[in-house]
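Chains A and B are the protein sequences, given in the same order. The opening position of the first sequence corresponds to residue 1 in my numbering, with each subsequent residue numbered one higher. The opening position of the second sequence corresponds to residue 1 in my numbering, with each subsequent residue numbered one higher.
If you are wondering where the hints come from, they were derived from the structure by calculation, not from laboratory data. Errors might be hidden in some of the hints.
Stated by the list, open to error - In silico lysine-lysine, DSS-like type, Cα no more than 27 Å apart, as pairs: (1) B:Lys-75 <-> B:Lys-208; (2) A:Lys-352 <-> B:Lys-114; (3) B:Lys-75 <-> B:Lys-134; (4) B:Lys-114 <-> A:Lys-269.
What the hints assert, rightly or not - With the C-beta cut set under 10 Å, the calculated list includes, among others, these residues of chain B facing chain A: (5) Ala-96; (6) Tyr-187; (7) Ala-197; (8) Ala-202.
To be verified - Output of the computed footprint for chain B on chain A, the stretches with three or more beta carbons under 8 Å from beta carbons of chain B: (9) 22-36; (10) 90-98; (11) 350-362.
Treat the numbers as computed from the prediction; the structure is a model and nothing was measured. From the three backbone atoms N, C-alpha and C, an ideal C-beta is built for every residue, glycine too.
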Amino acid sequence: MESESFLGHLVEVAPYTGYVYPNETIIPWTVLIVVYPYLTGLVAGAFTVSSLYHVFGMERFKPVGQFALLTALAFMIFVPLPLLLHLGSPQRAFNTMITPHVTSAIAVFGFFASFYVILLVLEIWFMFRPYFVQQAQHSSGLAGRLWHLASLGSDDVSPKAMRYDEKCIFYLAVIGIPAAHGLHGYVGFVFGSLKSREWWSSDLMPVVFLFSAVISGVALLIVLYVLSCGLRRIAVDLKCLKGLAYVLWGFAMFTLVLEGLEFANVIYKGREGIEMIVEYVTGPLLVPFFILQFSIGAVIPLLVLTYMIWRGTTGRALIVGVTVSALLVLFSVWMMRWNVVIGGQEIAKTGKGLLTYQMVIFHREGLVTAVSLVVGPLFLLWGMVRLLPPWGHKSAPLAESGAP
Amino acid sequence: MTKKTKLSSVARRSFLRGLGRAATYTGALMYGGRLDAVRNAAAKSNESTAATESFPTADYDWTKHRWGFGVDATKCIGCLRCVEACKIENNVPNDAHHFNTWVERYVYLEGETKPRIDSQHDPVNIAASGTQSKYRFANRYKDAKVEKAFFVPKLCNQCTHPACVQVCPTGATFQTKDGVVLIDETYCIGCQYCVQACPYGARYLDAKKGVTKKCYWCYHRITKGLQPACVEACPVGARVFGNLLDKQSPISLFIRNNRVQVLRPESGNAPNVYYVGIDKEVS
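With the sequences and hints as input, model every part of the structure.
Listed below in structure tokens is the structure:
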């Protein structure tokens, strides 16, 4: 067959049942487009926690206030990568910013992402400026000069200057809330605004994405915070952990209700192609959707958290319970992204067939790439935390900001 | 001291006045200049696109055309010559997963309420042709009792409100004045958002080129006065093409003389392929 050589270029030729359009046999958006909203969601969620401290002054989140921001930045740096790796012509990626087509949701991405990265870097800079100054004073030679450079020569740490910095951090954090949530709400819009797929076309989609983003970010912080305490051999701040558990519980409840409502809407309206959707959710999607995403990923952590809040669980049991719940939530949100992105494409546009996405392991858009993109930010974060220890007091006077 | 101050304030005032005047003049000049430029451009485009280096040929005026496509499903015999002609004419990837145009077969068997649908990409049909680059419909229903059967050719609908153009992040896909939706292959980034947005499954990614492709009604031919390759190749006249602005063109007559319908009108895309002889299961 002369076309065999060409087939080698294809990422996935999806097997199908029923009737699907000929061009549908290759799934357009692969696992990398699952990774993309997953990463932005983690960013939005981590930023939410940092705002709870920096904007709303919730002192109990102090131990993770700065760490949350570093987490957001580490993951945000990785966000454009899945998109770039997915593009057929990545060398032209900047066309979206040079000549953005204003009616396209994707055209907004470059601007939103750049703005948000700049904002994060600025906020982190203000936060760590006293630390830069302190390091510059205590190191000599090249290191000292580099620290001085990091402070941009601004070495005034008088109470007046610190008050000014505080104000800047506050305003940046305030602007950051709509920026982070806008960035993620827009991702939901990318899917929700398409009328070609019944599984995506929903007004609730941006909201569902947003809420699930928040829970994934909070869950990530819980896991990383507990892990970091283990690594630093210090006790977990239970008040902080319990606060995070409350946030997780509240937002997870909202997410579950919203997702339920969205699903109910699709089924209840029962528009054209509903038979195929029902066949899909009761067939191939039964395990990933009802068992993994809803039961194991959403209902169980909610029950565990509810029980612990009700019983006033504390100590080691609290740490284990909250961490396990957080891990399950992280998994659930991943499954939600998968079921939306891949699920939507597995239901054929004809409304008369189902496709099966087959993930390739070693490929530009394969499993190994996807895993690297999800794990990569953790290594970056580890490096960032080594360079800028976020465990001290937030932009506190120098005398107070000791090592943990 | 006071005098000096007064003097300097007078000087400052006159300087500011001068600055204001200069700004006004500059602004007026620039505005005038821009108006001139706009006027020139308008004049040029009114001279017909012929005078400019216009797209795509020197003697074609896209404001005088509004292309339309008709499909008479009652005539189609499912020979798939159109599909093969299109593949050759438009360098469509030579496999069973990329098509600018395709033909669907609807077969109602006795005792069944839903049609059995397939197209040339179906593995059974590919097995019958023996290769992914030649197409035929396998005679798979020869032993069955067929109640009703028909073929439906499909292609890009060049929608009046194209969802694909709306979602393109770079503007690489755009609508021409004569109604055809084109893709600038030198500008497309290959994000495939348009592939997702098209409700008709008309678009695909050409993985070798890294850009999205689709049917464009053989724009390179129609702007030279030729017919699209599929229309030319059809042995039974099931595909009709022409200028909607010309009331005597084949497509205008086709629409006037038949009760036509379009696919998925509820999408709001306002498609421009007009069908005769399809039934409710076709979408």
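task = Between the segment 22-36 of chain A and chain B, see if three or more residues pass the 8 Å beta-carbon test, and mark the coverage as holds or violated.
result = This one holds; 7 residues, not fewer than the three required, reach chain B with a Cβ under 8 Å.
key: Coverage assertion for the segment 90-98 of chain A with respect to chain B, Cβ distance below 8 Å, three residues required   = holds (count 5)
Given pair status - B:Lys-134, B:Lys-75, alpha carbons within 27 Å = 22 Å, holds
key: Minimum beta-carbon distance criterion (10 Å), B:Tyr-187 to chain A   = Holds. Min distance 6 Å.
request  = With a cut-off of 10 Å on the beta carbons, see whether B:Ala-202 makes it to chain A.
outcome  = With a minimum Cβ separation of about 7 Å from chain A (threshold 10 Å), the hint on B:Ala-202 holds.
key: Pair hint A:Lys-352 and B:Lys-114, alpha-carbon separation not exceeding 27 Å   = 10 Å, holds
query = Going by Cβ atoms only, is B:Ala-96 closer than 10 Å to chain A?
reply = 7 Å, holds
ask   = Holds or violated: is there a CB of chain A closer than 10 Å to the CB of B:Ala-197?
value = 6 Å, holds
query = Quick one, are B:Lys-114 and A:Lys-269 close enough, alpha carbons at most 27 Å?
reply = 22 Å, holds
task = Report holds or violated for chain B covering the segment 350-362 of chain A, Cβ cut-off 8 Å, minimum 3 residues.
result = holds (count 3)
query = Holds or violated: are the alpha carbons of B:Lys-75 and B:Lys-208 at most 27 Å from each other?
reply = Since the Cα atoms of B:Lys-75 and B:Lys-208 sit roughly 36 Å apart, the hinted pair is violated (cutoff 27 Å).
In this structure, the one hint that does not hold is number 1.
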